[in-house]
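Start from the sequences, fold in the hints, and give me the full structure.
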Amino acid sequence: MPNMRETFLATAEEIIHSDPDTAIVLADISAAQLAEAARRHPDRVINVGIREQLLVSTGAGLALAGLRPIVHTFNAFLVERAFEQIKLDLSHQELGAVLVSYGASYDMPMEGRTHQAPGDVALIDTLPGWFVHVPGHPEEARRLLLDSVPGDSRTYLRLSAQQNAAPHLGVGMQRIRSGSRGVVIAVGPMLDRVLEAAEGMDVTVLYTSTVRPFDAEGLRAAMPEVADVALVEPYLRGTSAHQVSDALAERPHRLRSLGTRRDTEVRIYGKLADHDLAHGLDSGSIALSLKEFFTS
Amino acid sequence: MTVTTNTPGYADLPRLISLMTGDDKHHAAAESTVDVLWVLFDRILRISPQAARDPARDRFLLSKGHGPMAYYAILAAKGWLDEEELAGWSSARSRLGHHPDRIRVPGVEISSGSLGHGLPIAVGTALGLRARRFRSRVVTLVGDAELDEGSNSEAIVVAARLGLDRLTTVVVDNQSSTHGWPGGIARRFETEGWAARTVSGRDHEALYEAFTRPHPGQPLAVVAVVEPKGAH
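Just so you know, the sequences run in chain order A and B.
Heads up: take any position in the first sequence, counting from 1, add 180, and you land on the numbering used here.
Heads up: take any position in the second sequence, counting from 1, add 40, and you land on the numbering used here.
Source of the hints: derived by calculation from the structure; they are not laboratory data.
Since the model is a prediction, treat every value here as computed from it, not as a measurement.
Note that beta-carbon positions come from the ideal geometry of N, C-alpha and C, so glycine has one too.
There may be inaccurate statements among the hints.
[To be verified] Now the in silico label distances, taken between C-beta atoms and shown as ranges:
1) Ile143/B with Ala429/A: 23 to 33 Å
2) Ser358/A with Ala132/B: 50 to 60 Å
3) Gln213/A with Pro256/B: 50 to 60 Å
4) Tyr50/B with His295/A: 30 to 40 Å
5) Pro330/A with Pro89/B: 22 to 32 Å
6) Ile143/B with Glu397/A: 50 to 60 Å
7) Gln90/B with Arg355/A: 49 to 59 Å
8) Ala91/B with Gly350/A: 53 to 63 Å
9) Ser131/B with Gly246/A: 49 to 59 Å
10) Gln90/B with Ala429/A: 24 to 34 Å
11) Pro268/B with His197/A: 45 to 55 Å
12) Arg220/A with Ala91/B: 31 to 41 Å
Spelled out as structure tokens, the structure:
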């Protein structure tokens, strides 16, 4: 089965073929895979080379001319390197674009820190009005992309090499299992390992592939008597903690946030599993965290 | 000076600018961009308040957003703004700030302030208009010191390689770049494949000629030289 990135590229190609008001902007990454689309639609499949500032600004300019841009590269370069362009050329100008990244927090573990951007969602979160999708399965990535192209939203679609066994195509907080001791929120690729970690625990597990806007109503509706929430996100620890706090502001609650570490830079290469372990995001570490939190 | 005509002209600009500066003796030439802007708005760009949303309109992207008094004065002279609102500019009640905001000010195509954004956005706009088969012209105004920002270099290369012949960059050169441009600014554009012309930024006929002489297959750079910064 194709992975998220391959699924995205195939879907983007379909969109470009079928919708003459769309465009794709690239900065070399994935350009080879879209070469045929670029040959057929040279005006709307644009590779600016290794120029990420121009990548985002070109997307903004295309939107200004009335096109719907899909802007794609690795998240370290798309969100971090070009952040001022995202802030000013898209947000401040009130121009729409669908930003699609690949790389997640450590999808290219052997490449090192330069190719890791666990702070990308937190950065986008400093800007109002963005949709942020963190699919957990290639089919979710495809659906979220197809749903994002109509209109003129500012959308960030964060693809990953990590995924769950099955897609969950619902909207907002989706209840995967029910329990009475509290709620675990699993974001995107975290679901399967959260389910494994919560095996035998009396907790509700909610799944979401959309973190902005945050489904506060869905969280409140799913909350059992005990308002204990464990939030498991595949990027910077606590990125959505303020959303959970706001959602539960009217009642006493406890919150444990899991995600990539804030206290240190994980300066290792290795495999995905090595990084999962280093950040406490493997199922064993998550299980320990959940047991500690829900039994304390 | 009293001008009572319904269609203000170049001669009205000092008065309009003075509404913002509060300086009776202010003369238009104190604004480095005023002559370039006037020639563009008066004779080059196919834009008007009546066709502000026409998808085929020309686009003017002011990248050097600081010191926008001449810009606001010309927007008022050309009917986008009521000159009544110039005097209160930059107050909390005004939509006219020290950097223009496209969401608030009619006729303003991009919000600017942080340097090095207008030309890259203009590249995208020119690409988009070409994809939509419009022949609209896209003109962006930058300062010579603004070219210090590396984002411009990214855009200069790509605009030429992709043959954006409807794109014009006008560089208002008041020699304020800290490290300068040996060999001249025009050469930087020419090296990448632009047509480049250097003229006096005060000479309306020379500016008009520079903006209108054909440059097939190439984007156009017009370097408009004005007095060095601080010379007034």
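Quiz item: Can you give the numbers of the hints that this structure goes against, from lowest to highest?
Solution: Violated: hints 3, 4, 6, 8, 9 and 10.
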